[in-house]
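Protein sequences appear in the order of chains C and E. Residue numbering for the first sequence follows the working numbering, starting at 1 and increasing by one per position. Residue numbering for the second sequence follows the working numbering, starting at 311 and increasing by one per position.
Hints in this document: simulated from the structure, not taken from any laboratory. Small disclaimer: the values here were computed from a predicted structure and weren't measured. Built from N, CA and C at the ideal position, the CB exists for glycine as well. One should not assume that every hint holds.
[As the list claims (entries may be wrong)] Think about it this way: if two alpha-carbon atoms lie no more than 30 Å apart in a straight line, the pair counts; the simulated DSBU-like pairs of lysine-lysine are:
id : chain 1 : residue 1 : chain 2 : residue 2
1  : E       : 570       : E       : 453
2  : C       : 18        : E       : 322
3  : C       : 112       : E       : 322
[Said to hold, decoys possible] Pulled a few chain E residues facing chain C out of the computed Cβ check, cut under 7 Å:
id : residue
4  : 325
5  : 331
6  : 334
7  : 397
8  : 424
9  : 437
10 : 442
11 : 444
12 : 497
13 : 575
There are 2 protein chains.
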Amino acid sequence: MNEFELIARLTKSLPTNKNVLVGAGDDCAVLDLGVPEKLILFKTDAVVEGIHFTKETPPEKIGRKALARCLSDIAAMAGTPTAALVTMALPENFDAEFVAKIYDGLNTLAEKNGAAIVGGETTTNPERILISIALIGTVPRGKQILRNGAKAGDAIFVTGELGGSLAGRHLEFEPRLAEARWLAEHFSIHALMDLSDGLAGDLRHILNASKVGAEILKSALPISRAAKLRAKENSAAKPAVVAALTDGEDFELLFTIASKDAVKLLDAWKKKFPKLKLSCIGKIVAGDGILIRDKMGSHKFNAHGYVHFT
Amino acid sequence: MNEFELIARLTKSLPTNKNVLVGAGDDCAVLDLGVPEKLILFKTDAVVEGIHFTKETPPEKIGRKALARCLSDIAAMAGTPTAALVTMALPENFDAEFVAKIYDGLNTLAEKNGAAIVGGETTTNPERILISIALIGTVPRGKQILRNGAKAGDAIFVTGELGGSLAGRHLEFEPRLAEARWLAEHFSIHALMDLSDGLAGDLRHILNASKVGAEILKSALPISRAAKLRAKENSAAKPAVVAALTDGEDFELLFTIASKDAVKLLDAWKKKFPKLKLSCIGKIVAGDGILIRDKMGSHKFNAHGYVHFT
């Protein structure tokens, strides 16, 4: 049983109440706590030594990454972060300087994004550092964007470049908060999420939630320099296009929009965010699953994105 | 450096914003998100295999305990829980049945207390299970009770009985949510917290936050049957009174109230909660630290409550 199968089983019958608009299964939970013009976003995310960072990772970057991942989930709802709690599980012989530097990285990114750090907890995890961030954010009522709104005919977009994140970007990426809010304000975005487990795997979440399929144009995939370099230098590595489809930790935005709005969006985007690539990589189709279209035709893409526990 | 020294260092200069009424240092963070009549409570708490439970602990009780600890912190602010996220870090060879039963225990307690489970995350922690709960709650504006309001002359109360929790109670305790809300509604409670690290250690948090001291009447301490039994059966164990002062995981309420209200409170409590003991264990005094008064006079109590990392 992998991570997704376990989650599917566990989330089948969770307790709910009148405050819950969106429970398990989207980038954040969405709560209505009675704020007149806003809904509350709620998310946790953990990083673990040996999995999401190594003993050699600079501590500031560990803290930065821990929070950035969670901020990316707030972006994936077109929200704004408000306050975070930090749970730090540490071996008993922890180095206080190292831990303080983890906080430095975390605090700096929080401050930059207007998020408060309102406490948390330290506990013991004897073998390795684990950091879990819990984050509250807000989104204007009606402006939250879920995964279940993609429609056949929609154009599919991604920000930035994909693949090869582990070469360094995973420690330095910018959560796309401003970009997502701008999208929600100016366009009717049908479905939105952030890329954490790889384009193919993550796109499937939108497809399953929206009960549609997708056709991806291979030549339109924005492949990162890091993924190309890795494929070139190491013949045993994934081909760059597969890296772009399946590497995890891109933390870019993936969204769909009516195809009639696609050109207008691309024009407005170039003016607003001239430094950040926006690529139309394909379209939503009736059916299910992912087709990859290249010069040879369309092929079912069956490989999963990055799946934990496999 | 122990847990409390580390926390003191890390929480010195955390980023904040206009939404934060209470940040690190109380039982929960308190946020003003613009709900007209309510403030938002925010808390995380983690349990770790080998520390807060063992390989032999029934999985339902592990899940129950993980959530109950967090609920107890909401009680410590006189609040009501709304929604929780569950982060479960699991070894790669996890048993899906076992994990499902952890959720069963957690879901049952959530439902009983009106809290929704709105998602969470599974990740890998190769050597042991770690469960972190993030919880959002609410409290009527002005009714939140912090740790910093104790005044010289106040009577000090605890609910239930203290010590010996590890004999079983730590897996089965009831978070004192209804009791705390009733106290906040009907009395002017000056300071309130829940007991997690042992009475002496936790009382010091109130004393330090309120800049006062306390005199505890040894004979008034409500010592649990479990603590008495353990002291009797094992001559190497702590004396029962020391267990009541220093054992962790009681998860009872500790609070102070003007001494003029003490008798009225005790009378009303007996009618409202006839099955739950309420004990006046001493008084708040000017100065600092804890004095224990017995037949021989008053003694400084220097031992700490349960401190992680020592």
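Hints and how they fare:
no. : hint          : in the structure
1   : E:570 / E:453 : holds (20 Å)
2   : C:18 / E:322  : violated (38 Å)
3   : C:112 / E:322 : holds (18 Å)
4   : 325           : holds (4 Å)
5   : 331           : violated (10 Å)
6   : 334           : holds (3 Å)
7   : 397           : holds (5 Å)
8   : 424           : holds (6 Å)
9   : 437           : holds (4 Å)
10  : 442           : holds (5 Å)
11  : 444           : holds (3 Å)
12  : 497           : violated (27 Å)
13  : 575           : violated (30 Å)
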